[in-house]
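Engineer: So you can see what is in the structure, the chains are spelled out below.
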Amino acid sequence: MKQEIIDKLKAIVGEENIRTDPADRYIYGSDSSVHVANADVVLRPRTTEQVQAIARLANAEKIPIIPRGAGSGMSGHAVPIDGGIVLDMKRMNKILEIRPEDTLVKVQPGVVDDDLNRALKPYGFMFPPAPASSRIATIGGEIANNASGIRSVKYGATRDSVLGMKVVLANGDLVNLGANTRVEASGYQLDRLMVGSEGTLGIIVEATLKLVPIPKYRCIGIAKFDKLEEAGEAICDVISSGAQPSMLELMDNIAITAVNNTLDMGLPDVEAILLFEADGMVKEAVDFEMERIKAICEKHNGFGIEMSYDAKERARIYAGRKKLFASLSRYKEGYACTSLADDMAVPYSKMAETARKIHDVADKNNIIMTAYGHCGSGVMHTKILMDPTKKEQWEDARRAVEEIYDYVRSIGGTTSAEHGIALSKAPSWKKEKADQLDLMRAVKKAFDPNNILNPHKLMDAPDDWVTATKLRYPVEK
Amino acid sequence: METKYLNVWKNELDICIRCGYCFEKCPVFGVLNWESDTPRGKAILAYGLLSGEIEPSQELADKFFQCTFCRECLGSCSADVKLIDLFSAARADMITAGFAHDAHKYMVESVKKTGNIFNDSELKAPVSEGETTVYLGCQYLGRGNLTKTYLNILEKLGIKPRVKEEICCGFPFMALGFRDEFEEHRKKFLEMFPEEDIIALCPTCAAFLEEEYGKKVRHVMEVIAERVPEAKLGGKVTYHDPCDFSRELGLIDEPREILEKIGVEVVEMPRNKKDSSCCGGGGGILMSDAELSGRIADGRIREAVATGAEMLVTPCPTCEKVLKEASMALNKEGENNIPVRNICQLIWKAIK
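In order, the protein sequence lines correspond to chains P and H.
For the first sequence, the positions run 1 to 477 when the numbering used here is used.
For the second sequence, the positions run 1001 to 1352 when the numbering used here is used.
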């Protein structure tokens, strides 16, 4: 990048908030995906005006801007595939206004999810999406990715909790999207378009979020299954019965073993478990839901069912579940956990079949795959465990990803439920959305005619995820 | 660049999924707020050095030196990557490549020359015949009054401390990255301290003697907790858990039990026990980046002031020193501060 531009950027954010040294450019070129690419410069804006000034300059000079929250994305959202400016938004981290009477909160994009929920607790409210990375994930990142998590079965994804936002457009203009109200009728609801746009349409500088009351009672349960398919069938039955769990999670034996190995969780060594929770303001209502779910699990040969209102036990199980992703890296010596084909959504009726299919594809392609996830929302997580230093393993992974997604599309599922598309999942997603790609490109052009905002992601991402960027692993030549 | 020490970490760096959970409570990131100052950032740099994608430089070395070794990231890492051992290996390779920090070099040279980190050959342990070997460690060696207080407490509780001439445990060699020079020191240390059972005064020395030499170490707080009589000292204090003490040695209840027994009320800071936040004094950062250390300490001392306690107590001499300075800095700025004391001072006052 030209020194003249660096000097201008320095003038905007101040000397202490710009980094151009190789180490910073290298670190900010990585996230939790398999992809890496160096940034040219890293900036830490503090104000909306600074973000606007950066956008104006970048737009005039046609320099890519990659907004970044915690960099916990798994598909390469924050990886600067074309270099350019990485915009670290973590310093814009103020909770601007908590309005319990209107059940809303206004925040800057760098506020961390858990910090927000800690601040809301005294008011008796919560922001419900709860991704596993909530300890570091920023609200801006969650909105850009439309994140969700263990509570999505009852409370939905981030999109369901966003009322509005302020966004800096590619040309530096600031727009107010959405409203401060629970409902808004017709007209293009651009705030909704912005949710899940992965930083390709604008830079979120403020968000208005919908709150829900913290339930007074929460009860958690575990059911064991000797057959993975039976656990999958139980999920379908729980949801279609009209039961309202606030969490309904599947873990197969690979996931159970991984968590037990690294966290000493003491989960039962069975083919699958279902973790379920019900919450509410009335204990009898929670009991009723739990008994309903328990009965359905038993109907599908679930056994050893334990249920508890104990907050410590719930926290222990949550912690284990939230650390599952990393724990999978310890499943087998010499294998690493890669975020590939990791979060499809499938119809409930296909849950059991999908879980089995995942294992079949893995066996066929010399890799290990696990089946787990927020199955109550239709989310089936997998991870590919492989030796990432072996070139042939990437070919194995490429085949497995393709086979899994071909299958998901064939049963009416979708490529990504909550982890996003970016680079790793773009090839499959483009096949799924083939009839919409031109329209999406037209939308992108309307918002960002110079293609500076997180370019070459989503519909514009390369067709081969393996070669889209350099891989983060030392792959043998 | 030669990566003799980092080479063994190749596989672990692939195991790391770069989730970033390790930076949630990292004290260095909490102050500096750049991702390059996080444990994940350092792990990525270590990968860059190993793969040759990043060239070594003093700036890069300084990033590895910006770590307090507080062990917070170890608890956050669900892939169980031993991050601080990784950073210590990176420091060692950076030093081999010629990027040692002058202040660290001085400390290690001091140990080699005088046996202690203060470069003071006059500094001698108060040698005494007794039954149980007590290891003071450099920090207590340099603070005779506190050492005397601990020895008095032990005697009062019926233990005859045996204090010998001593040299540094060697922690600075390993932590700061001077690994090539550690072997010689290790031999020297073991010749002076062949004993298996040792009572240690300093939390960091206690953890290191256990980890590195496989000694059966009891920290003096464990011993005191077993024997301290009830007393009615009164007062309300907040207790700071030193990182090595709570997260490595698992000594959480003992100091609290002691304080309760001598009649002192403990009011907890929001972050306490295994979740305690760092004082900012560990990992060599106090010497290599005193300003950063002070900023971390400032955060902790403000937590302590907010409790409304009359005093902060801790068993670690480094935490005590750093937090005392942070408290004095608050005072200079005209803000409320809090007296900081070594816990032994309260115990002795209660039982003498």
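Rather than coming from a laboratory, the hints here were simulated on the basis of the structure.
Each hint should be verified, as a subset may be incorrect.
Which stretches of chain P does chain H cover? Using the computed rule of at least three CB atoms under 8 Å from a CB of chain H, they are [to be verified]:
hint, segment
1, 17-23
2, 66-77
3, 118-128
4, 186-193
5, 425-432
Just so we're clear, the structure is a prediction, and the values are computed from it rather than from any experiment.
Don't be surprised by glycine CBs; every beta carbon is placed ideally from N, CA and C.
Engineer: A separate judgement is required for each hint: does it hold in the structure or not?
Structural biologist: Structure-based check of each hint:
With a cut-off of 8 Å between beta carbons, the segment 17-23 of chain P has 4 residues touching chain H; three or more are needed, and the interface restraint holds. For the segment 66-77 of chain P, the proposed coverage by chain H is satisfied: 3 residues have a C-beta within less than 8 Å of a C-beta in that chain, meeting the threshold of three. Taking a C-beta to C-beta cut-off of 8 Å, the segment 118-128 of chain P contributes 0 residues in contact with chain H, too few for the three needed, and the coverage statement is violated. A stretch counts as covered by a chain when three or more of its residues have a beta carbon under 8 Å from one of that chain; for the segment 186-193 of chain P and chain H the count is 0, and the coverage is violated.
For a cut-off of 8 Å, the count of residues in the segment 425-432 of chain P with a CB near a CB of chain H stands at 0, and the three-residue condition is violated.
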